[in-house]
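J.: Sequence:
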Amino acid sequence: FSILSSLQEAEAVVSTQSTGHVLKVGKNNFKPPPKVDSSVVRIEPMNPMPNINFMEWDGLTRIVFTRKNKTLAAIFKSKSVQELLTKNFNILCSMKNQPVPPDFDVKTVLAEVFTETEMSETRSRTMSNDEILKLLNSFNSRGIHFSS
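Going by the working numbering, the sequence shown wraps up at 144, each residue one higher than the last.
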């Protein structure tokens, strides 16, 4: 059994550079013996770490891995996700003492991001670190930021 939720597991996977099998642990080493095989694995952090804001990285991965089997387009069509992105955009404008553009529409921004990245039909469970970084950069270049 895993001590991590599936969301935490997904976040851990995208934050690692490599994993490696160290050794198999036999069922008889546990009381009571489990019904599944166990292993010890090596998980290493990405090295070198990418030059990104990890609060943003964490915020984006939390959104995309909440429903890891859905497409990114379906995840970002969610009303709650769109409200979060709009709220974050409004806060950023306020912090910069800039008015929120009257023509700002989060759905338009999402369409632009998915056109640029060609990831609307991508499922987060299949994304590489580079693809997540590309998605994050595309959002950031349009003033959309994430926080956790």
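Hints in this document: simulated from the structure, not taken from any laboratory. Just so it is clear, CB atoms sit at the ideal spot from N, CA and C, and this is done for glycine as well. Take the hints with a grain of salt, since some may be wrong.
Okay, derived cross-link-like pairs now, BS3-like style, lysine-lysine, Cα gap no bigger than 27 Å in a straight line [to be verified]:
1) LYS103 with LYS64
2) LYS66 with LYS83
3) LYS103 with LYS73
4) LYS130 with LYS73
5) LYS64 with LYS75
6) LYS64 with LYS92
7) LYS103 with LYS130
8) LYS75 with LYS103
9) LYS64 with LYS23
10) LYS73 with LYS83
11) LYS92 with LYS103
12) LYS75 with LYS20
13) LYS20 with LYS31
14) LYS92 with LYS75
15) LYS83 with LYS130
Ranges between beta-carbon positions, derived for each pair [unchecked claim]:
16) LYS73 with VAL18: 38 to 48 Å
17) SER137 with ILE39: 47 to 57 Å
18) SER34 with GLU79: 41 to 51 Å
19) VAL96 with LYS23: 57 to 67 Å
20) THR122 with LYS73: 13 to 23 Å
21) VAL21 with GLU79: 44 to 54 Å
22) GLU108 with ASN65: 22 to 32 Å
23) ILE87 with GLY22: 49 to 59 Å
24) SER116 with PRO30: 16 to 26 Å
25) ASN24 with SER116: 16 to 26 Å
26) PRO97 with VAL18: 34 to 44 Å
27) ARG119 with LEU80: 18 to 28 Å
28) ASN133 with VAL36: 33 to 43 Å
29) ASN125 with PRO95: 34 to 44 Å
J.: For every hint, state whether the structure bears it out.
T.: For each hint, the structure was consulted:
no.	hint	verdict
1	LYS103 with LYS64	holds, 21 Å
2	LYS66 with LYS83	holds, 23 Å
3	LYS103 with LYS73	holds, 8 Å
4	LYS130 with LYS73	holds, 19 Å
5	LYS64 with LYS75	holds, 17 Å
6	LYS64 with LYS92	violated, 34 Å
7	LYS103 with LYS130	holds, 19 Å
8	LYS75 with LYS103	holds, 10 Å
9	LYS64 with LYS23	violated, 31 Å
10	LYS73 with LYS83	holds, 15 Å
11	LYS92 with LYS103	holds, 23 Å
12	LYS75 with LYS20	violated, 45 Å
13	LYS20 with LYS31	holds, 14 Å
14	LYS92 with LYS75	holds, 26 Å
15	LYS83 with LYS130	holds, 22 Å
16	LYS73 with VAL18: 38 to 48 Å	holds, 41 Å
17	SER137 with ILE39: 47 to 57 Å	violated, 31 Å
18	SER34 with GLU79: 41 to 51 Å	holds, 42 Å
19	VAL96 with LYS23: 57 to 67 Å	holds, 59 Å
20	THR122 with LYS73: 13 to 23 Å	holds, 19 Å
21	VAL21 with GLU79: 44 to 54 Å	holds, 45 Å
22	GLU108 with ASN65: 22 to 32 Å	holds, 25 Å
23	ILE87 with GLY22: 49 to 59 Å	holds, 53 Å
24	SER116 with PRO30: 16 to 26 Å	violated, 40 Å
25	ASN24 with SER116: 16 to 26 Å	violated, 49 Å
26	PRO97 with VAL18: 34 to 44 Å	violated, 53 Å
27	ARG119 with LEU80: 18 to 28 Å	holds, 20 Å
28	ASN133 with VAL36: 33 to 43 Å	holds, 36 Å
29	ASN125 with PRO95: 34 to 44 Å	holds, 36 Å
In the structure shown, a violation is registered for the earlier hints numbered 6, 9, 12, 17, 24, 25 and 26, in ascending order.
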